[in-house]
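Full structure from sequences and hints, please.
There are 2 protein chains.
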Amino acid sequence: MGSTRVRIAIDAMGGDHAPGEIVAGALRAREELGVEVLLVGDPQQIKAALPPKTNFGQVEIVPAQEAIAMDEEPLSAVRRKPQASINVAMDLVKQQQADAVFSAGHSGAAMAAALLRLGRLPGIDRPAIGTVFPTIVAGKPVLVLDVGANVDCRPKFLEQFAVMGSAYSQYVLGTSEPKVGLLNIGEEDSKGNDAAVRAHQMLRENTQITFIGNAEGRDVLSGRFDVIVCDGFVGNVLLKFAEAVGEVILQILREELPQGLHGQIGSALLKPNLKRIKQRMDHAEHGGALLLGVAGVCFIGHGSSQAPSIFNAIRMAKEAVDNEVLQRIQSQYILERESG
Amino acid sequence: MGSTRVRIAIDAMGGDHAPGEIVAGALRAREELGVEVLLVGDPQQIKAALPPKTNFGQVEIVPAQEAIAMDEEPLSAVRRKPQASINVAMDLVKQQQADAVFSAGHSGAAMAAALLRLGRLPGIDRPAIGTVFPTIVAGKPVLVLDVGANVDCRPKFLEQFAVMGSAYSQYVLGTSEPKVGLLNIGEEDSKGNDAAVRAHQMLRENTQITFIGNAEGRDVLSGRFDVIVCDGFVGNVLLKFAEAVGEVILQILREELPQGLHGQIGSALLKPNLKRIKQRMDHAEHGGALLLGVAGVCFIGHGSSQAPSIFNAIRMAKEAVDNEVLQRIQSQYILERESG
Numbered sequence: 001m002g003s004t005r006v007r008i009a010i011d012a013m014g015g016d017h018a019p020g021e022i023v024a025g026a027l028r029a030r031e032e033l034g035v036e037v038l039l040v041g042d043p044q045q046i047k048a049a050l051p052p053k054t055n056f057g058q059v060e061i062v063p064a065q066e067a068i069a070m071d072e073e074p075l076s077a078v079r080r081k082p083q084a085s086i087n088v089a090m091d092l093v094k095q096q097q098a099d100a101v102f103s104a105g106h107s108g109a110a111m112a113a114a115l116l117r118l119g120r121l122p123g124i125d126r127p128a129i130g131t132v133f134p135t136i137v138a139g140k141p142v143l144v145l146d147v148g149a150n151v152d153c154r155p156k157f158l159e160q161f162a163v164m165g166s167a168y169s170q171y172v173l174g175t176s177e178p179k180v181g182l183l184n185i186g187e188e189d190s191k192g193n194d195a196a197v198r199a200h201q202m203l204r205e206n207t208q209i210t211f212i213g214n215a216e217g218r219d220v221l222s223g224r225f226d227v228i229v230c231d232g233f234v235g236n237v238l239l240k241f242a243e244a245v246g247e248v249i250l251q252i253l254r255e256e257l258p259q260g261l262h263g264q265i266g267s268a269l270l271k272p273n274l275k276r277i278k279q280r281m282d283h284a285e286h287g288g289a290l291l292l293g294v295a296g297v298c299f300i301g302h303g304s305s306q307a308p309s310i311f312n313a314i315r316m317a318k319e320a321v322d323n324e325v326l327q328r329i330q331s332q333y334i335l336e337r338e339s340g
Numbered sequence: 341m342g343s344t345r346v347r348i349a350i351d352a353m354g355g356d357h358a359p360g361e362i363v364a365g366a367l368r369a370r371e372e373l374g375v376e377v378l379l380v381g382d383p384q385q386i387k388a389a390l391p392p393k394t395n396f397g398q399v400e401i402v403p404a405q406e407a408i409a410m411d412e413e414p415l416s417a418v419r420r421k422p423q424a425s426i427n428v429a430m431d432l433v434k435q436q437q438a439d440a441v442f443s444a445g446h447s448g449a450a451m452a453a454a455l456l457r458l459g460r461l462p463g464i465d466r467p468a469i470g471t472v473f474p475t476i477v478a479g480k481p482v483l484v485l486d487v488g489a490n491v492d493c494r495p496k497f498l499e500q501f502a503v504m505g506s507a508y509s510q511y512v513l514g515t516s517e518p519k520v521g522l523l524n525i526g527e528e529d530s531k532g533n534d535a536a537v538r539a540h541q542m543l544r545e546n547t548q549i550t551f552i553g554n555a556e557g558r559d560v561l562s563g564r565f566d567v568i569v570c571d572g573f574v575g576n577v578l579l580k581f582a583e584a585v586g587e588v589i590l591q592i593l594r595e596e597l598p599q600g601l602h603g604q605i606g607s608a609l610l611k612p613n614l615k616r617i618k619q620r621m622d623h624a625e626h627g628g629a630l631l632l633g634v635a636g637v638c639f640i641g642h643g644s645s646q647a648p649s650i651f652n653a654i655r656m657a658k659e660a661v662d663n664e665v666l667q668r669i670q671s672q673y674i675l676e677r678e679s680g
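From first to last, the protein sequence lines are chains C and S.
Counting along the first sequence from 1, when you hit position 292 you're at 292 in the working numbering, and nothing is skipped either side.
Count along the second sequence starting at 1, add 340, and that's the number in the working numbering.
Calculated directly from the structure, the hints in this document are not laboratory data.
Using N, Cα and C, we set each Cβ at its ideal position, and we do this for glycine too.
Treat each hint with caution, since some may be false.
Take a look, some chain C residues computed to stay more than 10 Å from chain S by CB distance [to be verified]:
1. T4
2. A24
3. Q97
4. D152
5. M202
6. E216
7. P308
8. D322
Partial list, computed: chain S residues near chain C (C-beta under 10 Å) [claimed, not checked]:
9. I401
10. Q405
11. R558
If you want it as structure tokens, here you go:
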């Protein structure tokens, strides 16, 4: 290989629309972003998904004999199938043949494979899944973590999420001095359960981040925060609720807007504007989720991801590699050890 | 008093728009629902909020010398101010001079006052705050509890929430055989933290309710569930997020829809339809929250409540009294003790 271009290992077998949409998104990313894509999976299926006139010499396919299904128990499946596409993709990073991994498959399996194959970053007890929500301020997303990797979190884990999230927000999302919040049930320092109160204290005292206090549910979309940390239980509920809300609202709009003659004409006139609204609310436009705290750049997409989401996630992965996010996170912990 | 009409004690001093909007909503409820309203608070302020031609003989004002502000620590404020309007309102229920209480003031203070003045229902360890979310199925709301009273919940508490919520859904919201779900991060029985797994098991074995399994964040608005139980931390985050989402979407619609000439004409034509959409998404249309598990019918409104929300909450309170929800809940626990 030896190219200086960013190389992304793509789990071509993961997701509801694999390999077709995965391959389509990857090829677009290769074209428009100048990244190298390594398509990991069953070569026959991948070749069948390539456009008719593809020059196979230009597309790198890395064979993997197995895949992990959405209903498999992640840890045991990852162990039982060493040749699963997600494992092979992780190994490419481990062996420095790729700079990052993307998968739209089983997110639990991606986390398990990352932990087993790549391990954790030094100083990190528990990796987290982070995802970016749009906010009411256009162009100012908020990174929420953890959204599902850790159902119970000690305050120390939340503090680590905050440090990692800040580095990501600064070096990938381009936020200068990211404002960090702790998801909680009130603004006051003393609010929440014991873990929340202790986490608040630790975040307050951490000099590596800019902690501005508790974030309530209503603050997530306000644009006041750049990073919000929470345990993976509440984060996961929130993420899935938010995804569903978007769909519910669009369905209500589709049902109610064209009612009556005025409604039909009005809706027709508004088509371009409605499309723009859909884009502002659409999760896919804002890229996938990422695993923070494992020793590699790993992005995961929703199982329902189609080519545009895949493309966006690969774009984010490239940014993370270009801006050396892992090194930034590690340097925080090395500094800490040296000064402590 | 001695009337057979339902009597609602209204905390006229609680809420951002007190007493004006509170009194307006209460008077409308008296007019349209045939309930008796007892306006609790500062007589001078209440009288000033009444319409000019009010026949004072028809409006019952119960004097209360104090009120609890939104920023006060609830338990100590409720103890320090025995003559606070929320305390006086609770006492009216305690002394059987009122059948229910409504307050749009400090919800923590309402809970504290209910606990101190009325106590818990027999068999209930922890009262919960329940609130009704609209779902994608028009006319089929879902009751979510707890949304803020208990930040840590033992599985047994969640089971009690389920029993109380089912009774409320059946006898106030008119659901036959309410379907109960446990808010969790996956559909499988084994998902979630230890508390969630144990709660799942207890709900599964409880013969008083119809438990249909875990509800993920995406299921809240799906209409598949009539009652969803969760701890007050995640419930509170979800509620506040949901309230904010509605506002965010409406703001995006207001910003994006009228863009351009077509947009302006289209938006004008769609005005009535947009109003209907706002109503479907509007929390106020679906009434306030309720305290379940205290020995009295207690409804609480959002601090920002205006007359229509107050009216709706009073309507729900009347339903709860008419349908003897407290007695229904109690009978579940009496039956249990007798059979156990």
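Hints the structure violates: just list their numbers, smallest first.
Checked against the structure, the hints that fail are numbers 4, 6, 9, 10, while the rest are satisfied.
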